[in-house]
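Visitor: Residue numbers (my numbering), protein chains in the order written: chain U, 1073 to 1583; chain H, 1073 to 1583.
These are computed hints drawn from the structure, not numbers from a lab.
Here the structure is a predicted model, which means the values were calculated and not measured.
It is possible that some hints are incorrect.
[What the hints assert, rightly or not] Which bits of chain H does chain U cover? Going by a derived footprint, with three or more residues having C-beta under 8 Å, they are: (1) 1111–1118; (2) 1394–1405; (3) 1432–1440; (4) 1523–1532.
[Said to hold, decoys possible] Taking lysine to any residue pairs in the SDA-like style, the calculated list, with each CA pair at most 25 Å apart, reads: (5) K1384(H) - E1477(U); (6) K1384(U) - E1165(H); (7) K1148(H) - K1283(U); (8) K1283(H) - D1560(H); (9) K1148(U) - E1533(H); (10) K1148(H) - D1120(H); (11) K1548(H) - E1533(H); (12) K1283(U) - P1481(U); (13) K1283(H) - L1244(H); (14) K1148(H) - E1165(H); (15) K1548(H) - R1098(H); (16) K1384(H) - A1507(U); (17) K1384(H) - G1501(U); (18) K1548(U) - V1580(U); (19) K1384(U) - R1526(H); (20) K1384(H) - E1483(U); (21) K1384(U) - T1515(H); (22) K1384(U) - T1506(H); (23) K1548(U) - Q1219(U); (24) K1384(U) - G1505(H); (25) K1283(H) - G1578(H); (26) K1384(U) - E1483(H); (27) K1384(H) - E1533(U); (28) K1384(U) - N1527(H); (29) K1384(H) - G1093(U); (30) K1384(U) - S1536(H); (31) K1548(H) - A1534(H); (32) K1384(H) - L1510(U); (33) K1384(H) - G1535(U); (34) K1384(U) - R1545(H).
Glycine included, every Cβ here is placed at the ideal spot set by N, Cα and C.
2 protein chains.
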Amino acid sequence: MARDRGRRRSRRTTEGGPTLGQLAWRQVENPYPPFEILNAEQIDAICDTAYRILEEVGMDFLHPEALEILGRAGAKVEPGSERVRFDRGLIEEALSHAPASFTLHARNPGHSLTMGGSQINFASVASAPNASDLHGGRRPGCQMDYQNFLRLGQSLNIIHLFGGYPVEPVDLHPATRHLDCIRDFLVLTDKAFHAYSLGRERILDALELVKIGYGLTETELRQRTCIFSIINTSSPLRLDGPMIEGMIELARHNQAVVITPFTLSGAMSPATLAGALAQQHAEAIASMALAQLINPGTPVVYGGFTSNVDMKSGAPAFGTPEYTRAAMVGGQLARRVGVPYRSSNANASNLADAQAAYESEMSIWGAVMGHANLVMHGAGWLEGGLTASFEKMVLDAEILQMMSETLRPIEVNEETLGLDAVRDVGPGGHFFGTAHTLARYETAFYSPIVSDWRNFESWEEAGSESATQRAHRLYKGILDAYEEPSLDPAIREALDDFVARRTREGGVVAA
Amino acid sequence: MARDRGRRRSRRTTEGGPTLGQLAWRQVENPYPPFEILNAEQIDAICDTAYRILEEVGMDFLHPEALEILGRAGAKVEPGSERVRFDRGLIEEALSHAPASFTLHARNPGHSLTMGGSQINFASVASAPNASDLHGGRRPGCQMDYQNFLRLGQSLNIIHLFGGYPVEPVDLHPATRHLDCIRDFLVLTDKAFHAYSLGRERILDALELVKIGYGLTETELRQRTCIFSIINTSSPLRLDGPMIEGMIELARHNQAVVITPFTLSGAMSPATLAGALAQQHAEAIASMALAQLINPGTPVVYGGFTSNVDMKSGAPAFGTPEYTRAAMVGGQLARRVGVPYRSSNANASNLADAQAAYESEMSIWGAVMGHANLVMHGAGWLEGGLTASFEKMVLDAEILQMMSETLRPIEVNEETLGLDAVRDVGPGGHFFGTAHTLARYETAFYSPIVSDWRNFESWEEAGSESATQRAHRLYKGILDAYEEPSLDPAIREALDDFVARRTREGGVVAA
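Looking at chain U on its own, in the form it has when it is part of the complex:
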C-alpha cells in the first residue's frame, strides 16, 4: 500500500513541520443533536432552584461598583454587606440581551472563531503553575516554556485559540508579566487569546496591546470582540473584586466574558449533581446578568466546570462519571439561557499516561455531547490544572483531531454506497486495488499524528516507544519547524514600545 506518500495529504497541511501531517485548520462543527440526559422538567427544577438560591440566599459581589450597578437595576443589596438578592424577572430581563452567538476575532482573520451555534472551539491548556516534559521533568513555569507552548499551540491546527497563559511564567515580575505575555500572544501566534481579569489596569493594558496588534482604533475595538476572559466565581456564591473589575472593563469594551462557577461537588457545592448544577446555574446567570447590566449585549459564555472531590481526601477529581454528566447537563442549561457554552478537557493524572487519556476522553465526550462551543484546556492539562505538559498537548491534539473527524457527517450517496465496487470485487476478493479504493486512497481515512498502528515486531524494532515518548519527539520536531506568523514590523515595534513604556512605569503595582 505504500505509494506516493507526499501526495496523500489533501486534508492536511505542512504547517507545524513537514513531518507532522496534521489536519488542516478548520473550525469544527458538531452536526449531531445535543445529547440531553435530563428531561425538560428536570431542567426546569434545576433552573427554579437556581432562581430560589438567588432570591432567598443571594450572592456576594465584592466590589462597590457592581453593588451600585445591581442596586440601580433593582436587585436587593443588603445594607452594609456585599450580599445581593435577585428577583428572577430581573435576571431574565438582563439575560435577554445576551447574544446567542458572536465572533471572536483573531489577529489573523483566517483564525477568527464563531462562538455559538454548533461550532466547537478547542483552547490550549491555561494557567498551570508548572510545566513538564519527559526530559526536563516537572518545573515551575518560566518564560521559555510559556513561549514554547505558544509556538506549539500556534503550530497545532486543532488548537483554535489560547485560553490563558498555558503556563504561568513565574520568572517574569507580576507587575509586568501581563505585558510580556500578551505581547508574546500577538507576536508568536496569530490566534485568538484570553486576558486575565486581575483588576482594571491589566485589562486596559491588554486592550491597548490588542488595538496595536490588530491595528484597531478604540471605536473599532468596541465594534469587534477580540479577547475574552474567564470569570471564575469563588463558589459558593461569591464574585471577587479583581474579577469584577476586569469584567466591567471588558463588558464596556464589548469584549467577551466567560462566566465559570467552580462548583466542585462536595466542597464548594452540594454533594449531589443536581445541587451542584443548581448552584452553578445560580452563579452563572447572576454573573452573566451583571455583565448585561454593565453593557447590554456583552458577549457572554456560560461556563460549566462542575466536578466532584475525592471523598477520601478532598482532592478534586476530573473526567469522572459525575464530571461527564455535569458537562452534558451544563449544555442543556446554557441552551436554556440561550448563550454559548464552555466546558473543558480535564483530568487529575500526574502523568501523561493511560489515566490522563481516559479521564480526558471522558471530559471531551461530555463537552462534545453537551455541545460545548468552547473547550478550555483542550490540550496539555495535567494534575487538575497544576501542570502543563508538552507531551500531553500533542496527545490531546491527536484526541481532538480524532474527535473533529468523528464529527464529520458520513456521506451517503450512490458513490459512497459503493455497490459497483462490491460488484467488481465480489465474494472472497479484496478492495485494495479497486478503482473505488484508489480514487479515495489519499483522503479516505483519518491519519494519526501520535498513534502507531504498526505491528508489534515493526514497532519493537523501531524502539518500542510509548505514545507519550512519541509525543515528546513530535513536540520537539514541531518547535524546530516553528516559524513566527507574519506581522508588520511597525506593529511589532509599536508593541515593543508600549511594553517598554509600561514597564518603565512599573506596570501594575497593586495586585
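Let chain U serve as the given structure and place chain H on it in line with the hints.
Guide: Relative to chain U, chain H alone:
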C-alpha cells in the same frame, strides 16, 4: 475527610480482594436514547444497498447443508457453486422470527444476562494469540495465562461474560483444547461464556459440558440459551464451512449466534463508511436469516465491526473516527432489523499506554452511544486483538466502571437539589461538613480502582507509578485474592470425567 474507610463501600463489594473496592455486580442499563448520526433516509439507502448486494451479487455459503437450507427456502443457489442470491422478501420473512431480546443464562443465575433492549453487557477480551504483562512481557498464550484471565474476569464485577478464550492456550493440543477450556469456564467462573464455532463436534462437546455444568437435560438446554458463538463472515460476502457447522448446531439447540462481518473498510469492504456499512449489513442479515431458517426464533445478535485500514500500510486500525461512527450506525442498523447489537472495545496499540486508552475510549463511546447490548473485548485487548494484556484488563475495568456510572441517571428531586444545604452554607462557606454532605459521604461519587487523584508530591513519594504500573499491582492482588465460585463436587467430577473420556477418544481430530 479520611473517616471510616471500611464503611464507605455500600455500592461496592469485596469480591476480587479486599483492596479492590470495585462496584458491585449489576447489569448495566443505558437510560439515554440511542445516538443516531444518520437520518432515516440514509439508513434506508444503506439497507436498500445491502438488499441489492444480496439480490445482484450474492454471498457464498461454504457448506452443502447451508446451501440446501437456503435453496429450500427459496434463495437462488447458483448451480455448481456456493453463491446464493436472496430476494429481500425472503430475508425479511426469516428475520421476522428473530427475537428482539433474550436471556443468556449463566451457571450462576445471578450472573444471567438480558441481551437486548437497553442492557449493555461487557465481555472480556477474546481470542488473542499472545498474553502480556509488564513483568513477563509478551508471550504466546498458554493455559496458565488463560486460567489467570478467567480468574481475573470472574473477579472483576464489570466483566459480565466471557467472549471467547481470553488468550489462546497454544500449549494445549488443538484436538482437546476446547474440552479443557470449557471445563475451566465452568469451574473457574460462573459467568456466561462463548463457544467457538469450529465445526460441529466442538459445539456438541460444548453443549454436553454446559448440560453437565448447569445441571440441565437436553430438553432443558433447548429451552434456555446458555452459550453463544461469534460467527464471523469472511468478508467480503462469504461464510466459511466450520462457522456454518457450528451455527447449525447452535441454532438447532436454541443457543445464541452473534453474526459479525469483519468489514475492514479499504480491504474487505469499500473504502467508504457508507459502502462498508452496506456490505456489513448485507452479510449480517443474510447470515442471521440463515440462522432463522435453520430454527425460527434462534437468538441472534447483529455484530458491527466495521473499521478501516491504515492506507499507508494496510494495517487494521481501531478506535478511529471511522470506527466510532460505524459503531454508532451499526446500532441504527441492528434496531432496523429489531435484534440486539454487538460492538467492541478495540484499539491497535502495542502497549497499554495513552494510545490504548484513547482508542479504547473512542470504541466504547461508539458502542455506548450506538446502544450496543454486547461489547466484545470489553477488557484486555491490545494490538488489534493480537495480545491480551493483564494490565489493560484492569485499566479497561476502570474505564467500563466509569462508563457504567456515567450511565446512571441523575436524580433530580428536592433532596438532591439541595437548596437547604446551600442555605446552610451560604456565600463563601464550604460543604465538607454539612449534614447534606455527611449523609452522602460514602456513596456520593464514583471511587476509582486504578486512577490516582493524589497530589503530585504524595504520588511521587509513593513511587511515581503510572496507571499501567498500578494496574499491574492490582491484577496481581486480584489473582492472590481469587476464590473459585462454588460448584457441586459431583458436577465437578462429571465435568472431569467427560473431559477425560473425550480426551481418551482423541477429542476432535479433524479441524
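Visitor: All hints are to be evaluated individually against the structure, with a verdict given for each.
Guide: A quick look at each hint next to the structure:
Only when three residues or more bring their CB closer than 8 Å to a CB of chain U does the claim for the stretch 1111–1118 of chain H stand; here the count is 3, and the claim holds. A count of 4 residues in the stretch 1394–1405 of chain H with a Cβ less than 8 Å from any Cβ of chain U is obtained; the coverage claim is therefore met, three being the minimum. Restraint check on the stretch 1432–1440 of chain H versus chain U: 4 residues with Cβ-Cβ distances below 8 Å, three needed, restraint holds. For the stretch 1523–1532 of chain H, the proposed coverage by chain U is satisfied: 8 residues have a C-beta within less than 8 Å of a C-beta in that chain, meeting the threshold of three.
For the hint linking K1384(H) to E1477(U), the alpha-carbon distance of about 18 Å falls within 25 Å, and the restraint holds. Distance check on the hinted pair: K1384(U) and E1165(H) sit about 57 Å apart at the alpha-carbon level, beyond 25 Å; violated. As the CA atoms of K1148(H) and K1283(U) are separated by approximately 76 Å, the hinted pair breaks the 25 Å bound. Only pairs whose Cα atoms come within 25 Å are accepted, and K1283(H) paired with D1560(H) is accepted, the gap being roughly 14 Å.
The straight-line distance between the Cα atoms of K1148(U) and E1533(H) is roughly 51 Å, outside the 25 Å bound, and the hint therefore fails. For the suggested pair K1148(H) and D1120(H), the alpha carbons sit about 19 Å apart, so the restraint of at most 25 Å is met. For the suggested pair K1548(H) and E1533(H), the alpha carbons sit about 22 Å apart, so the restraint of at most 25 Å is met. Taken as a hint, the K1283(U) and P1481(U) pair is broken in the structure, with Cα atoms around 39 Å apart against an allowance of 25 Å.
The suggested pairing of K1283(H) with L1244(H) holds, with an alpha-carbon distance near 23 Å, which does not exceed 25 Å. With a CA separation close to 16 Å, the supplied pair K1148(H) and E1165(H) stays within the 25 Å bound. In summary, the hint linking K1548(H) to R1098(H) is supported, as the alpha carbons are separated by about 24 Å, within the 25 Å threshold. For the proposed pair K1384(H) and A1507(U), the alpha carbon gap of about 17 Å is at most 25 Å, so the pair holds.
Distance restraint check for K1384(H) and G1501(U): the Cα-Cα separation of roughly 20 Å lies within the 25 Å cut-off, and the hinted pair is therefore satisfied. Of the supplied pair hints, the one linking K1548(U) and V1580(U) is violated, its CA atoms being roughly 35 Å apart against a limit of 25 Å. Our distance criterion of 25 Å between C-alpha atoms is met by K1384(U) and R1526(H), whose separation comes to about 10 Å. For the proposed pair K1384(H) and E1483(U), the alpha carbon gap of about 23 Å is at most 25 Å, so the pair holds.
Of the pairs offered as hints, the one joining K1384(U) and T1515(H) holds, with about 11 Å between alpha carbons and a cut-off of 25 Å not exceeded. Of the pairs offered as hints, the one joining K1384(U) and T1506(H) holds, with about 16 Å between alpha carbons and a cut-off of 25 Å not exceeded. Between K1548(U) and Q1219(U), the direct Cα distance comes to roughly 13 Å. Compliance with the 25 Å bound is thereby established for this hinted pair. Restraint check: the Cα-Cα separation between K1384(U) and G1505(H) comes to about 13 Å, which is no more than 25 Å; the hinted pair holds.
At most 25 Å may separate the alpha-carbon atoms for a hinted pair to count; K1283(H) and G1578(H) meet this at roughly 21 Å. Annotation: proposed proximity of K1384(U) to E1483(H) holds, straight-line Cα distance about 23 Å (limit 25 Å). A C-alpha spacing of about 18 Å is found between K1384(H) and E1533(U), which places the hinted pair at or below 25 Å, so the restraint holds. For the hint linking K1384(U) to N1527(H), the alpha-carbon distance of about 13 Å falls within 25 Å, and the restraint holds.
For the proposed pair K1384(H) and G1093(U), the alpha carbon gap of about 13 Å is at most 25 Å, so the pair holds. This hinted pair checks out: K1384(U) and S1536(H) have alpha carbons roughly 20 Å apart, not beyond 25 Å. A C-alpha spacing of about 18 Å is found between K1548(H) and A1534(H), which places the hinted pair at or below 25 Å, so the restraint holds. About 12 Å separates the Cα atoms of K1384(H) and L1510(U), which keeps this hinted pair within 25 Å; it holds.
Between K1384(H) and G1535(U) the CA atoms are separated by roughly 20 Å; this keeps the pair inside 25 Å, and the hint holds. With a CA separation close to 21 Å, the supplied pair K1384(U) and R1545(H) stays within the 25 Å bound.
Violated hints, listed in ascending order, are 6, 7, 9, 12, 18; each of the other numbered hints is respected by the structure.
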